[in-house]
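J.: Based on the hints, put chain S in the right spot on chain U.
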Amino acid sequence: MSADTPFVDAGDGSILGRDRSKAWDEPRGVRRWLRYLLLLVIAAIVLFPIYTTVLAAFSPTERVLQRRLVPGDVTFEVIGKAWTEGRLARYLWNSLVVSTAVTVAQMSTALLSGYAFAHLRFPFRKTIFLLFLATLLVPFEATVVVNLDTVESLGNTASWLGGVNTLQGLALPFLASAVGTFLIRQSLLALPPDLRDAARIDGITHLGYIRHVAIPLVRPTLGALGLFTFLSTWNQYLWPSQVITDDDFHTVQSGLRLLGKSALNEPNLVMAGTVIAAVPIAIVLIVFQRQLVRGLTAGAVKG
Amino acid sequence: MSAPSAPSSRRPASRRLVAAFGALAVVLAACGDGNSAIDAGRDDPDAVATTESEGDTVETTPEPPDSGGESADTAAEPDTDEPEAAAEPEEESVATTLPPVDLPPCPVDALDSADGPVEITLWFGLPTDLQAVLQSLVDEYNGSQDRVVVNIENQVDYESTIDSYQQLGTDQRPDVLLAPEFVVQTFAESETFIPVESCIQASGLDTSTFLPRALDTYRYGDLQWGMPFNVSSPVLFYVKPVLEAAGLDPDDPPATPDDVRAASEAIVSSDAATYGLVVDVSRDAAGAYIEQWFGQAEVPFVDNDNGRSARATEVLFDNDTGLEFFEFLQGLNRDGLSFNVGENPGGLDAFLKLVDPSEPGAMRIDTSAALGQLLAALDGGLGGELTRDDLGVGPLPGPTGAAAQVSGAALWIPADKGDASAAAAWDFTQFLIEAQSQSTWSAGTGYVPMRTDAVELDPIASLFESDPRFRVPYDLLAAPTDSPFSARPALGPQREVRQVIVDAIAQLYNDPDGADPAALLTEAAETSNRLITNYNELN
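Chain order of the listed sequences is U and S.
Using the working numbering, you'd call the opening residue of the first sequence number 1024 and step up by one each time.
Using the working numbering, you'd call the opening residue of the second sequence number 24 and step up by one each time.
The shape of chain U in the complex, shown without the other chains (with noise of 0.2 Å):
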């Protein structure tokens, strides 16, 4: 594929280059506002809850009652209150740095299971990848007892890696996902067997094919995994508000549930609280944005 060459309609994935306005089925005129008219209803619809809590996070408690939907009287007091009140910094450095720890963790375990899972032979290798699988059908809600008892003795006999009340408690259980060991695996298993026959020729280690060969060749894919870990992981809601019951070692997203009992004539609080909440995941969502559609989207040309 080439930016360059003129655009021929060869059907490999030409789509991406420059002319690739031609390669859709684009409607012009009437049909082409229709189009827009609908996207943008949509978008609209779509954008109003969020709206409204920006709205709110900004105006004073008055306007807010008076459920005007029209900007005016511009206010930061109620983020200043919600920052403050809500002990946002605190909460917000605990989920930077749970979602973080687990975001390179669940790429680190995952590069190293869908290796072995993709490349090396060992007994009941099918049947370990398949009880690996089996373990998506079962919702994290399903198993949130459990993890929270494992976490909880943890704290009891190994504190270091756990327990209740503590960031490690918070982050232990999505250190390794069945997801990111599948994904990784795909990949690898779609790169060409000839690179890993050369590598091997060459006498490269396991170790030395994953850092040389495997990781700059499935980074589109590690790269989604790392995003959505952090997302995910960043957006978390049950399990913290299970596994801290100390005020210090909330997350974010659970910290925000103290500000939701707030004062009765502060409705915007928790909006306000919400709006600071979004905005780092704001900020990885935009920077991030074309890892994590060209992580998406590697494996739908390649097949």
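Simulated from the structure, these hints should not be mistaken for laboratory data.
Among the hints, a few may not be true.
Ranges of calculated distance between the beta carbons of each label pair, as one might list FRET restraints [claimed, not checked]: (1) S:441 with U:1313: 55 to 65 Å; (2) S:399 with U:1312: 42 to 52 Å; (3) U:1132 with S:535: 48 to 58 Å; (4) U:1242 with S:399: 34 to 44 Å; (5) S:535 with U:1312: 18 to 28 Å; (6) U:1083 with S:293: 40 to 50 Å; (7) U:1103 with S:229: 45 to 55 Å; (8) U:1214 with S:441: 55 to 65 Å; (9) S:537 with U:1169: 42 to 52 Å; (10) S:272 with U:1116: 53 to 63 Å; (11) S:272 with U:1091: 54 to 64 Å; (12) S:142 with U:1116: 23 to 33 Å; (13) U:1106 with S:368: 15 to 25 Å.
Facing chain U, according to a computed beta carbon distance under 10 Å, are these residues of chain S, among others [said to hold, decoys possible]: (14) 144; (15) 150; (16) 179; (17) 187; (18) 378.
These numbers come from a predicted model, not from an experiment.
All residues carry an ideal CB built from backbone N, CA and C; glycine is no exception.
T.: Frame of chain U, contents of chain S only:
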């Protein structure tokens, strides 16, 4: 994500089949876990429909403690003329609650032998406004002595407090926690608490001035399990100028359901407000209101003397009293006289509806504990034109306008936290229920002092004088009564049964013309009975 693409395989198909079965077995093992005591009652009621049987339900007739003392006076009247009082106290039965002889002792003197200050943690689940008042009491206690240091941890709400307590092991549990009335039976039967009865006896605490209703609510199996701390009662909040505009007397609020309906009609037809009563479908408000309704009608809500003489085995709300309650709510809703704010998370939405600038409601039945917050919010300009004097408080409207039951929460002391912790927890508990502490607490919040001598002390004494609204719930709860219905019904899955009821009420609201209250009531009763059977079998 797409299904896993079949890995290129050279293995025979049978091998793959074995693997698939293995995977399935793991999944089944993960899902088919037996019920733990914690999960009891939270299970799908339908799952136990087939195991429903009357014969093997275990009843409890615990003996009174050997040194009864003053506690015997406060026990619910056992020999009422109530026809449903089916349990025969003489009957030999298997005791499932702690027999008194096995009561964990309350080591009230253990602080004397402790090395240095004992640090304890209190769990509670209250809004931040109330937390501030509690914190000031804690600071006062911590500053007043050097043997105990109390930390408080807000678990956001009661339900999270209970869930965290039940899910975590002893080490992670607090040394004292604030838990509400709907968990009395579950907690008492969990065998993880020191009944405060032991501590009362060991320390010789005089409880003669405590409100009997408050104590009774946290008694179970003839033992005082929790020590009431934040006592409240539902009251009728109303916006005085609206009642006035509708031609009603703002100083004579509606006292019965019929009054509420008539007032709502007057309010709506005169356009004084868009709606009369603001209602919800939350467990805390609507789910608890029906229990009050039955209490006021002096009709049992569950069997075995409202679950007080023995374990409740079935609900008794599928009758005329229940139907009146459902029809009252349905009628208001159908005729556009009430507005449903839904699940009312945090309790805020319903009050905000009273000050809604475009389509306000005029009345709200809610906990008296909100009074302090409401007045503060009005002072903060929440109601626009409305001032703090425009909020009226009246007794809870109910069938006879009589006995109100206690809401709020009590202090529970977990066992197995060590003697020093238990002693510290009891010492702190005693401080929180001192007359002066109760006076301060009530004046800062709107809760009812849980002892009669507290109302003679400032700040609550002068507040009662200057603002009689704070006195309304106190008068309701302090009124002498010999009614066995002055304590709430006790049942194991009380939280779940409340959810069943509010689900039925939600259906009434969602389909105002088509819903059949009698059928919904019957269905709710059947579901509730399955929950109770399930709980009793598992615990």
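J.: Indicate, hint by hint, whether the structure satisfies it.
T.: Structure-based check of all given hints:
| no. | hint | result |
| --- | --- | --- |
| 1 | S:441 with U:1313: 55 to 65 Å | holds, 57 Å |
| 2 | S:399 with U:1312: 42 to 52 Å | holds, 45 Å |
| 3 | U:1132 with S:535: 48 to 58 Å | holds, 55 Å |
| 4 | U:1242 with S:399: 34 to 44 Å | violated, 56 Å |
| 5 | S:535 with U:1312: 18 to 28 Å | violated, 47 Å |
| 6 | U:1083 with S:293: 40 to 50 Å | violated, 32 Å |
| 7 | U:1103 with S:229: 45 to 55 Å | holds, 49 Å |
| 8 | U:1214 with S:441: 55 to 65 Å | holds, 59 Å |
| 9 | S:537 with U:1169: 42 to 52 Å | holds, 43 Å |
| 10 | S:272 with U:1116: 53 to 63 Å | holds, 56 Å |
| 11 | S:272 with U:1091: 54 to 64 Å | violated, 35 Å |
| 12 | S:142 with U:1116: 23 to 33 Å | holds, 25 Å |
| 13 | U:1106 with S:368: 15 to 25 Å | holds, 22 Å |
| 14 | 144 | holds, 8 Å |
| 15 | 150 | holds, 4 Å |
| 16 | 179 | holds, 5 Å |
| 17 | 187 | holds, 5 Å |
| 18 | 378 | holds, 7 Å |
Hint compliance for this structure: hints 4, 5, 6, 11 are broken, all remaining hints hold.
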